[in-house]
Amino acid sequence: MEMALLYIAGALMMGLGAVGAAVGIGILGGKFLEGAARQPELIPLLRTQFFIVMGLVDAVPMIGVGLGLYVLFAVA
Amino acid sequence: MRKGHRKPGVHARIALQQFKKVFLIQVVSMIVIAGVSLSYSVSAAYSSFCGGMIFLLPSYVFAWRALIAKQAKNTPGAVIAQLYTSEIWKMGLSIALFSAVFILIQPLNPFSLFSTYIWLQLVGFVAQLKLNNRFLKL
Numbered sequence: 332m333e334m335a336l337l338y339i340a341g342a343l344m345m346g347l348g349a350v351g352a353a354v355g356i357g358i359l360g361g362k363f364l365e366g367a368a369r370q371p372e373l374i375p376l377l378r379t380q381f382f383i384v385m386g387l388v389d390a391v392p393m394i395g396v397g398l399g400l401y402v403l404f405a406v407a
Numbered sequence: 287m288r289k290g291h292r293k294p295g296v297h298a299r300i301a302l303q304q305f306k307k308v309f310l311i312q313v314v315s316m317i318v319i320a321g322v323s324l325s326y327s328v329s330a331a332y333s334s335f336c337g338g339m340i341f342l343l344p345s346y347v348f349a350w351r352a353l354i355a356k357q358a359k360n361t362p363g364a365v366i367a368q369l370y371t372s373e374i375w376k377m378g379l380s381i382a383l384f385s386a387v388f389i390l391i392q393p394l395n396p397f398s399l400f401s402t403y404i405w406l407q408l409v410g411f412v413a414q415l416k417l418n419n420r421f422l423k424l
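Chains A and B, in that order, are what the protein sequence lines are. Sequential numbering from 332 applies to the first sequence in this note's numbering. Sequential numbering from 287 applies to the second sequence in this note's numbering.
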């Protein structure tokens, strides 16, 4: 029972982290496409901003994934 | 020059310079944390070193693929595809490194591993926002 709960906890950590990253990066990509459609000459600038913000968006979900993997591999 | 391989533009070069500064700050932070942890125990030191490497290697690969390796055409679809592919590589590499460390390295001090990993994320946040004034002018 305890093992099952640990597996469920690890799966929830990784799954919810993946949902957060997916929503954030999806919104980011959508806004990039909107901006590029409005002003195509700004694509190089928007690309670098996209690169920077993408690095910030996926930070917290990756911590969740790391903790989930720790629960799965080291605790369980 | 290979077909489809273009030199980075002005904005990509500026972003690359900023990334190099942030990366250097993070490497120095990791070394300092590992050195301080060494006074506590050897396992804490190599665990914090592993946490730092788990963060630094994928972020370097991400920047290399997104800014240096192969510049896509300046169409929105090509840029999105290139950056999403780089992000998938980064996530996959992070997961592989986390799994490898948890399986292969025993004994491991999880507190120093995760605290170094989270600290490097925070340093990246702050340094990126300080270096990029465009975010502060909103």
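None of these hints come from the bench; they were simulated from the model. Incorrect hints may have been included.
Unchecked claim - Derived pair list, reagent style DMTMM-like, types lysine to aspartate or glutamate, alpha-carbon separation capped at 25 Å:
1. K359/B x E372/A
2. K362/A x E372/A
3. K359/B x E333/A
What the hints assert, rightly or not - Computed spacing ranges between beta-carbons, pair by pair:
4. A349/A x A386/B: 18 to 28 Å
5. L387/A x A367/B: 14 to 24 Å
6. L364/A x I354/B: 43 to 53 Å
7. G321/B x A335/A: 18 to 28 Å
8. R299/B x P371/A: 33 to 43 Å
9. V322/B x P371/A: 41 to 51 Å
10. L387/A x R299/B: 47 to 57 Å
11. A349/A x I311/B: 26 to 36 Å
Said to hold, decoys possible - Here are a few chain B residues that sit away from chain A, every Cβ distance over 10 Å (derived from the structure):
12. K306
13. K307
14. V313
15. S315
16. I317
17. L324
18. S325
19. V347
20. N418
In this text, a Cβ means the ideal position worked out from N, Cα and C, and glycines have one as well.
Here is what the structure says about each hint:
The straight-line distance between the Cα atoms of K359/B and E372/A is roughly 13 Å, inside the 25 Å bound, and the hint therefore holds. The hinted pair formed by K362/A and E372/A meets the criterion: a straight-line CA distance of about 16 Å does not exceed 25 Å. The hinted pair formed by K359/B and E333/A fails the criterion: a straight-line CA distance of about 52 Å is larger than 25 Å. The hint said 18 to 28 Å for the Cβ distance between A349/A and A386/B, and at roughly 20 Å that hint holds.
In this structure, L387/A and A367/B meet the distance hint of 14 to 24 Å, their C-beta atoms being roughly 21 Å apart. The supplied range of 43 to 53 Å is broken by L364/A and I354/B, whose beta-carbon atoms lie about 24 Å from each other. At about 41 Å, the CB distance of G321/B to A335/A disagrees with the hint of 18 to 28 Å. The given range of 33 to 43 Å is broken by R299/B and P371/A, whose C-beta atoms sit roughly 21 Å from each other.
For the pair V322/B and P371/A, the beta carbons lie near 50 Å from each other, so the given range of 41 to 51 Å is met. Against the hinted window of 47 to 57 Å, the Cβ-Cβ separation of L387/A and R299/B comes to about 21 Å, which falls outside the hint. At roughly 29 Å, the beta carbons of A349/A and I311/B sit within the given window of 26 to 36 Å. Listed as outside the interface, K306/B is consistent with that label: its C-beta sits roughly 13 Å from the nearest C-beta of chain A, beyond the 10 Å cut-off.
Here K307/B stays apart from chain A, with its beta-carbon at least about 13 Å from theirs, past the 10 Å limit. Interface exclusion of V313/B from chain A stands, the closest Cβ pair being 16 Å apart, more than 10 Å. Every Cβ of chain A is farther than 10 Å from the Cβ of S315/B; the closest lies at roughly 15 Å, confirming the non-interface assignment. Remark: the non-interface label on I317/B is consistent with the geometry, its nearest Cβ contact in chain A lying 21 Å away (cut-off 10 Å).
With a minimum CB-CB distance of about 22 Å to chain A, L324/B clears the 10 Å threshold, and the non-interface call stands. The non-interface label for S325/B is consistent with chain A: the shortest C-beta to C-beta separation is roughly 24 Å, beyond 10 Å. The non-interface label for V347/B is consistent with chain A: the shortest C-beta to C-beta separation is roughly 12 Å, beyond 10 Å. Distance check for N418/B against chain A: the nearest CB is about 6 Å away, which does not clear 10 Å, and the non-interface claim fails.
Checked against the numbered hints above, the structure breaks hints 3, 6, 7, 8, 10 and 20 and satisfies the rest.
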